[in-house]
Amino acid sequence: MRRLWIVAGWEFTTTVFRVSFVATALMLPLLHIGLALLLGHSLKVVTADAREKKPIAILEGTEEPRGMVMLRENRVDAVFVLEPDYVETGRLRVYTRLQTGLFQFADGQERRERAETLLRQRLLSPHLPGPLTARVVAPIENLEAFTVDRDGGIRRRDETPLALLTGAFGLTLLLSLSIFMSSGVLQQAMVAERQNRVLEVLLVCIKPFPLLAGKVIGLAGAGLIQIGIYLAFLVAGAPMALTLVDVPPATVGAAAACFGVGYVLYACLMAGTGALGRGTQESAQIATVWMVVGALPLFFIAPMTSDGTSVLARALTWFPPTAPSALLLRIGTGSVSFMELSGALALTLAAAAGALAISARLLRRVTIAGAR
Amino acid sequence: MHGPLVSVAFVSRTLGKNRVLDHVSFDVSSAAVVGLLGPNGAGKTTLVRIVVGLTRADEGTVERRMPPMTGRVPIGYLPEERGLYQNARVDAVLTYVARLKGLSRVESENEVTQWLARVDLQPLATRRLEQLSKGQQQKVQLAAAFLGDPSLIVLDEPFSGLDPLNARLVVELVREASAAGKGLLVSAHQLALVEQFCTEIVILARGRVAWRGARQDIPADRSLEELFMAHAVPGGAA
Numbered sequence: 020m021r022r023l024w025i026v027a028g029w030e031f032t033t034t035v036f037r038v039s040f041v042a043t044a045l046m047l048p049l050l051h052i053g054l055a056l057l058l059g060h061s062l063k064v065v066t067a068d069a070r071e072k073k074p075i076a077i078l079e080g081t082e083e084p085r086g087m088v089m090l091r092e093n094r095v096d097a098v099f100v101l102e103p104d105y106v107e108t109g110r111l112r113v114y115t116r117l118q119t120g121l122f123q124f125a126d127g128q129e130r131r132e133r134a135e136t137l138l139r140q141r142l143l144s145p146h147l148p149g150p151l152t153a154r155v156v157a158p159i160e161n162l163e164a165f166t167v168d169r170d171g172g173i174r175r176r177d178e179t180p181l182a183l184l185t186g187a188f189g190l191t192l193l194l195s196l197s198i199f200m201s202s203g204v205l206q207q208a209m210v211a212e213r214q215n216r217v218l219e220v221l222l223v224c225i226k227p228f229p230l231l232a233g234k235v236i237g238l239a240g241a242g243l244i245q246i247g248i249y250l251a252f253l254v255a256g257a258p259m260a261l262t263l264v265d266v267p268p269a270t271v272g273a274a275a276a277c278f279g280v281g282y283v284l285y286a287c288l289m290a291g292t293g294a295l296g297r298g299t300q301e302s303a304q305i306a307t308v309w310m311v312v313g314a315l316p317l318f319f320i321a322p323m324t325s326d327g328t329s330v331l332a333r334a335l336t337w338f339p340p341t342a343p344s345a346l347l348l349r350i351g352t353g354s355v356s357f358m359e360l361s362g363a364l365a366l367t368l369a370a371a372a373g374a375l376a377i378s379a380r381l382l383r384r385v386t387i388a389g390a391r
Numbered sequence: 035m036h037g038p039l040v041s042v043a044f045v046s047r048t049l050g051k052n053r054v055l056d057h058v059s060f061d062v063s064s065a066a067v068v069g070l071l072g073p074n075g076a077g078k079t080t081l082v083r084i085v086v087g088l089t090r091a092d093e094g095t096v097e098r099r100m101p102p103m104t105g106r107v108p109i110g111y112l113p114e115e116r117g118l119y120q121n122a123r124v125d126a127v128l129t130y131v132a133r134l135k136g137l138s139r140v141e142s143e144n145e146v147t148q149w150l151a152r153v154d155l156q157p158l159a160t161r162r163l164e165q166l167s168k169g170q171q172q173k174v175q176l177a178a179a180f181l182g183d184p185s186l187i188v189l190d191e192p193f194s195g196l197d198p199l200n201a202r203l204v205v206e207l208v209r210e211a212s213a214a215g216k217g218l219l220v221s222a223h224q225l226a227l228v229e230q231f232c233t234e235i236v237i238l239a240r241g242r243v244a245w246r247g248a249r250q251d252i253p254a255d256r257s258l259e260e261l262f263m264a265h266a267v268p269g270g271a272a
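Sequence order for the protein chains is B and Z.
Quick note on numbering: the first sequence equals residues 20 to 391 in this note's numbering.
Quick note on numbering: the second sequence equals residues 35 to 272 in this note's numbering.
Hints in this document: simulated from the structure, not taken from any laboratory.
Keep in mind it's a predicted model, so treat the numbers as computed, not measured.
Built from N, CA and C at the ideal position, the CB exists for glycine as well.
It is possible that some hints are incorrect.
What the hints assert, rightly or not - Partner residues aside, some chain B positions facing chain Z, computed with beta carbon under 8 Å: (1) R22; (2) R37; (3) N215; (4) L222; (5) C224; (6) I225; (7) I236; (8) I248; (9) L250; (10) I305; (11) T307; (12) W309; (13) V330; (14) R333; (15) E359.
Stated by the list, open to error - Far from chain Z, by Cβ distances over 10 Å, these chain B residues were calculated: (16) R21; (17) W29; (18) T33; (19) M89; (20) D104; (21) A134; (22) G171; (23) Q214; (24) R216; (25) A314; (26) S356; (27) A370.
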């Protein structure tokens, strides 16, 4: 047991003082915050553009030349010209300035919606009172949203679905990234120690299981340091990204448990992968499989966040390799019970212990396989 | 402590379809220096790994009867291919190995200081291993094998990559360890050097013991090299 902690201490100190670790720990949060700020700025610009939109003109056919002048002088965004038989057929033409860009189709859709609203008003106002016309044109103007839990409790839903989705996705992505990066370090270390035969010296002093367990613990500490730096950067430097951590303490605690268990599982799997591969490249290829499997829930983010209790969500929760990220996603949307969380994490820990035992066996076998 | 520190009896090992060791037997006693000789592919490294417990024999037994050392690893091992942690400081690596061998932090630091001085690397204690020459790295590994006062020291190709001066240092270290009552198993190709310090010789050929005996059992009219050529090389001079 004492040797296990010596290994853990060694792995921790040699990892956190490594230049690549310090660079990654500092640069990655800065990069992500930069991207978040860039995205936020873009959204701001787009929103501002939307607010500054010019009106659209709906004209009879005889007024078409006047509409063309308005368009050329940039006084309107579009000119819709009604055909003489518009009421019977719904036919009209639209003129806009020449534009290029990826989101042209969205602009066209938005102009069409504005035109429809104006046309409804124009068609109904001679026949209906003003307020009724307004309601027919815009039946939903002020919507208050509530959620009902399993016990019938009703709560106001403050978050918008997009914010909720972003928070859950952001948290899952952040913690999953850290899990894969930290456990990847372990996998690389295993490959290096096998190749330079340090393992032979170590295995004379300590059995494979405590050796691997010590490595997993040491690198888990390094992973937590990385996450700590990440969160410190987020809280200190990126108000926009605060949505990622603006969650109740219980959710933060549950997410931390998922991160811890997820790290332990993947560290054990990566240790085995490092022991199994015959070189850096081969081990990296095997490790990619684990990373794809681990990130699987992120591919199903839409169905998982819309219905966190679906068969898919539960299946991914109870399958150890996908459990950490599936749980992180579901915690973000509040769709996982304490019992399910505890059960799935316990199963994942059991799988991690199994993976560590198999890794230890593999380690001894492949170390010996080099003997000639 | 009576009897040998290690008794290897009728050990066989097959890797794939290759019979690497075939009923090999020998002992390593306290104060003895057993030279394990043989051409490339004779099975020396596999045998060494079985002796230190890195792998098991398919047949036969390896009995280790080390004097009790509370919490300490009784074996010092220098593997054939050497690396250690290239990015770590010399003193840090050695302290780590010493602690894994069961020494306390203070004991480790004291022993590391002594051993670095013994192998003339004290001025380089705070350098990273990658900043050392190959020969200096070899000496760091040699110090790692001797750390912790083990009863049995197993050295696989200790002279590989060393200049004559440092090879001389290895000979001195082996003699000192033997004089201190430790048992040593040394696998090597440098027959002239082995001849200087071995008390017993085991010559392996194609996984079998081709010749085994005490240093004084070598016929007076033959050198160790002649004995080796006669027994280890197919069709060698008889």
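Starting from the hint list further up, note which numbers the structure goes against and sort them upward. 7, 8, 9, 10, 11, 12, 13, 14, 15, 16, 17, 18, 23, 24
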